[in-house]
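Engineer: Chains V and E, in that order, are what the protein sequence lines are.
Going by the numbering used here, the first residue of the first sequence is number 1, and it counts up by one from there.
Going by the numbering used here, the first residue of the second sequence is number 1001, and it counts up by one from there.
Derived from the structure by calculation, the hints contain no laboratory data.
None of these values were measured; they are calculated from a predicted model.
One or more of the hints may lead you astray.
Claimed, not checked - Once the Cα atoms are required to be at most 20 Å apart in a straight line, the calculated DMTMM-like pairs of lysine to aspartate or glutamate come out as: (1) V:K101 - V:D59; (2) V:K101 - E:E1312; (3) V:K101 - E:D1309; (4) V:K101 - V:D315; (5) V:K101 - V:D61; (6) V:K101 - V:D329.
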Amino acid sequence: MDERQRVAWLHRRAGFGLHPDALSAAAARGAIAELDRLFDPDAAGVPADPDPWADTDLDPDNGGRRNIVVDWLRHLVATRRPYRSRRTWLLHGWLVSGLGKVPVPEFMVDQLRLYAAAGGGSYPDLLRAVTTDRAMLVYLDGRTSTADAPNENYGRELLELFALGVGNYTEADVLAAANALTGWVVGPRLATARFVPSRHDGSPQTLLGVDGVRDVDSVVDAIVGHPAHPRFVAERIVAELLGDVADPSLGGVVEELAAAYVAADMHLDPVVRRALELGLGGARTPLVVAPVPWLVGALRATAADPRDLGRDGPDRFRAMGQVPMIPPDVSGWPRGIDWFTASSLVARTNLAAAIAAGTAASQPVRVALDDGDLDALAEHLGLVEPFTAATAAAIRGAGDPTESLALALISPENLLS
Amino acid sequence: MNPITRRRFLALGGGLIATGCTSGRPLSQPTATTGAAGPSSTIAPTSSTAPAVVTTIATPPEVVRDDRVLVMIEMAGGNDAVNTLVPLTGRYHDLRPTIALADDSLLAASLIPDHGLHPALAPLVPYVDHGRLAAIAGIGFADPDRSHFVSTDRWLRADRMDETQGWLGRWLDQLPADLPALGATSLASKGALLLGADRYGTVIDQVDAFAFPDALDNASIRALAEPRSSDPLLAAAQAAYVGAVGATSEFDTIADAVRAELPPPDPNAFAYGTGAFTIGLTVAAQLLLHDVGARVITITGQGFDTHSDQPELHAQLLGDLAGGLAAFWSTLDAAGLSDRVLVATHSEFGRRVRENASNGCDHGAAGVSFVMGNSIRPGLFGSIDTGDLIDGDLRPQVDPRTLFTACLDWLGADVEAILGHSYDEVSILA
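Take these sequences, add in the hints, and give me the full structure.
Structural biologist: In structure tokens:
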């Protein structure tokens, strides 16, 4: 890859892609400088992003649930700190909560603010914080778990999905974690969750072979102290950013990142950065771009206005199969070819047509089309390679530039990164 | 997390849904059922086997196919079997002081002794009484797993965890020719049960949005797919576009009729609302009425993971299921299609028998499946036995592959080739 391709790849995986003008500027800086800029935007003088929900009407009776989704989309499209925004998106799909069970917009945005503020630091600290986060206490029922009858929901998913993975714990560990985490409540007039000692099982639990576990800190300590934890985190990062763990080009990467995670005192940003460096060095396989990152990328590349998607924007998310803040279940969204369903591709095509219709003729993607320069169009979209013969022929055979641009946006190449 | 194997990449790149002709072999002729006048919510028996129904649907086009059809309904999240089919004896009330259903609210059904049905299942009672419904209680794999994701995969793959195909995907692979574009359709966001090595089903998540935009020509979208790339992921996307063009073209011929039957959208609903079963079964009935060659249809309803505030939510979900099923069969009865159709429900596990403190219950082991059709052995298989628990959960009594065997037998499939063994210790089909 040349430097422009390296930077384009970086932004597709670690951000949401760039407008062609921004991509040219980033390419001039080079991939390593761009990594510095993504991971330390303050040092690079990149202006801060506003809070996505600073002006959002959160009242559920005023459409608060819809408002927070729409405003988050606008934020992702406009973000000047794309890695930070991507990291929050990644954590949202990992440490999952959803509006279906947490119908309180304030709780949901506060959880995402937590991920935005603390997502790059200590992962054990993030686990501690999210364990008593109001949205999480509602989503996985911690708020109603008491010493008399512990609710296993959070304890199980903490072990299975957030920190260790199936096969590394027993049913007794699930119950031990649930017991030790009892006693937290959420109330309409409480700004944060509250610990109620009378609801808590204070008896010492044995969790993953560690005795004396009885509260949030000791639960998280026991879990992150398990030898399977670093590898679990490393595999997640590889699957999100680099590709197929089983591919030979990724041999040894999980082990290296697991070691990097431990060496970084279990902070996420250093291990993500190392993963991206390895990816730039060739440790990568193609990844399917999920619907929301695809949509955000298309809007960023074309400078089309998300408001042109119409008032039914969130419903079109639904048709694509991915609505921010409404994951299908606690495991988040699927990855890979599960996104190549007829339903999802039809929905992406409808959105692509709307975006193409809303793209100004002066935009670089349109100018490239008018010039018949499909290599330039592929570059503007951040593709690492030129269009395939099939896509090029389809684009050239389209009836007008709008249809051509829509076809480029839905091309198989642009569904991958 | 759902790692994608290389084999699956390759499988999906390999060709797939074409517009071939179904290889259906005649198994049974549709039997006309005479409708009678009356309110559509009432199901009045007119014979010993089939309730007569009333429906307001338009006269369907003439049905020419006679292939058998299977509808699989997933109750995702882990349906609470104990409050679905309540045991009338044992420790039920002791273990569930808060969420137990009152005895006098339970519905008695003549062919299901010793148990009462959840009151929200009232629309299904006539079907039980007339021999059109069987309950398989205590269904679950031996050595159960309380992980949603492990258990769901076991159910979808018939416990062949070294493979990624669903057991109905293996059936698709086995067919001598491709099904029509809507021959195997998932009315959900995913289609894992219909994923084979060489073929897969069509996913239609939202019927009101299942059309390509006017601005893009079908030929243009098809052009993206030729020539086929040597890269497996690109080829999989290309194949998926070809499949989507075929499916939307086919669906377009019936879309207006289907949408006309759907309940009006809830203006307050945002994305995933309730009513998934009613919507899915309405669409399923229309696919059958309009003869698009559907052989298998899968429907998924979320929300059964009732760790908290279970009673109202569970009643709502079961009511949606039962109401949707009653309307489905009414429509099929009126059209004379019922004899061709088998319906089965499944859920990844049942729930813990003892309630938790959250007005709900945690993940458990064995559950309950319903099977509906005119050619089943009705009544109760197994039992909900609160006196014989393992780790507080219902003990698995019936292997889920027994249900899958019946479903595959119904489709005329080579069961042993698909499941490795024919699980016919319990015979569900008549």
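Engineer: Please go over all the hints and tell whether each is borne out by the structure.
Structural biologist: Hint-by-hint comparison with the structure:
1. Distance check on the hinted pair: K101 of chain V and D59 of chain V sit about 16 Å apart at the alpha-carbon level, within 20 Å; holds.
2. A distance of roughly 14 Å separates the Cα atoms of K101 of chain V and E1312 of chain E; the hinted pair therefore holds under the 20 Å criterion.
3. Among the hinted pairs, K101 of chain V with D1309 of chain E is consistent with the structure: their alpha-carbon atoms are about 11 Å apart, no more than 20 Å.
4. Of the pairs offered as hints, the one joining K101 of chain V and D315 of chain V holds, with about 18 Å between alpha carbons and a cut-off of 20 Å not exceeded.
5. The straight-line distance between the Cα atoms of K101 of chain V and D61 of chain V is roughly 16 Å, inside the 20 Å bound, and the hint therefore holds.
6. In summary, the hint linking K101 of chain V to D329 of chain V is supported, as the alpha carbons are separated by about 10 Å, within the 20 Å threshold.
Consistency with the previously given hints is maintained throughout, with no hint failing.
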